[in-house]
Amino acid sequence: MTTRRRPTRWWAELLLLGLVYAAYSGGRLLARGDVALATDHGLAILDVEGPLGIDFERPLNRLFSETGWLGIPADFVYASLHYLVTPAVLLWIYHRRPAHYRSARTWLVASTLLGLVGFSLMPTCPPRLLDAAHGFTDTMAQYSAYGWWGAEASAPRGLGALTNQYAAMPSLHVGWALWCGILLWTHGRHPLVKALGIAYPAITTLVVMGTANHYFLDAAAGAAVMGLGFLLARTPLTRGFGTGAAGFRRKSTIVSGGWDTSARELLPAQRPSAEHTADDDTAAAAR
16 MTTRRRPTRW
26 WAELLLLGLV
36 YAAYSGGRLL
46 ARGDVALATD
56 HGLAILDVEG
66 PLGIDFERPL
76 NRLFSETGWL
86 GIPADFVYAS
96 LHYLVTPAVL
106 LWIYHRRPAH
116 YRSARTWLVA
126 STLLGLVGFS
136 LMPTCPPRLL
146 DAAHGFTDTM
156 AQYSAYGWWG
166 AEASAPRGLG
176 ALTNQYAAMP
186 SLHVGWALWC
196 GILLWTHGRH
206 PLVKALGIAY
216 PAITTLVVMG
226 TANHYFLDAA
236 AGAAVMGLGF
246 LLARTPLTRG
256 FGTGAAGFRR
266 KSTIVSGGWD
276 TSARELLPAQ
286 RPSAEHTADD
296 DTAAAAR
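Numbered according to the numbering used here, the sequence shown spans residues 16 to 302.
Derived by calculation from the structure, the hints in this document are not laboratory data. In this text the structure is predicted, and so the values were computed from the model without any measurement. The C-beta atom is built at its ideal place from N, Cα and C for all residues, glycine as well. Some hints here could point you the wrong way.
Stated by the list, open to error - Taking CB as the label site, the calculated pair distances span: (1) G68 <-> A148: 17 to 23 Å; (2) H205 <-> D55: 45 to 51 Å; (3) A235 <-> D55: 27 to 33 Å; (4) R24 <-> H205: 25 to 31 Å; (5) P102 <-> D62: 35 to 41 Å.
Build out the structure end to end from the sequences listed, making use of the hints.
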């Protein structure tokens, strides 16, 4: 019998995730696209949302810009939580649910890289950077005196040139929050953890629209990217990317004390009785 092991060494995981995030950040920066094209894409999204009545970002942005006690906390949420909550949930899964860590990590990585493809193919101007005639207020700029960010969304003051502000489609703020929420709901045992699993993606979705950083369709696209990433993480190719025995489907039989049974070992209730074994031996001898 063998004890249950951690998915892999922590420093190897840290290095892998660091490389993926560096590739994501660098690729996102390189995929800036043409500003005029990005603006056209943003206006096209509004043209689609308007007739359908799903331009929820308009009333939310109006509410956040007119109500400081909502807008200021929303800016802090937008500028910080995705940097904190996502790695915290990944670390929680690593330590508390190690059997599910590799599949969760592969899902996150696959979805993030798909988001980068979206930034590259469809550079999109966020609502806050559209002409003021379209009725949006940049709450990050409006309340910048309360935080570390400047006029470049969540980037610290003076570092706006290191970000791509025309990467609104899809919203990985929403995508990553949905990933966190599903894991908290699925693997959390305390009701409070499960409640956070529902609240965090819901609040994030409201925040990205209320701060005029994303359209509703950006948020929907972020959720879709996570869905595609989940399916991609289940393919044989990506299961080889470290999911191993801790994939989505495979389960091992556990006995008390956290021990795994070997391939041929049966639990006591599954073992044939001595009487049945003797009968089988007698029948075999008669043959």
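Now for the hints, and whether the structure bears them out:
1. G68 <-> A148: 17 to 23 Å: Once the Cβ atoms are compared, 21 Å apart, the range 17 to 23 Å for A148 and G68 holds.
2. H205 <-> D55: 45 to 51 Å: holds, 47 Å
3. A235 <-> D55: 27 to 33 Å: violated, 20 Å
4. R24 <-> H205: 25 to 31 Å: holds, 29 Å
5. P102 <-> D62: 35 to 41 Å: This hint holds: roughly 37 Å between Cβ atoms.
Violation of the numbered hints given earlier is confined to hint 3; every other hint is satisfied by the structure.
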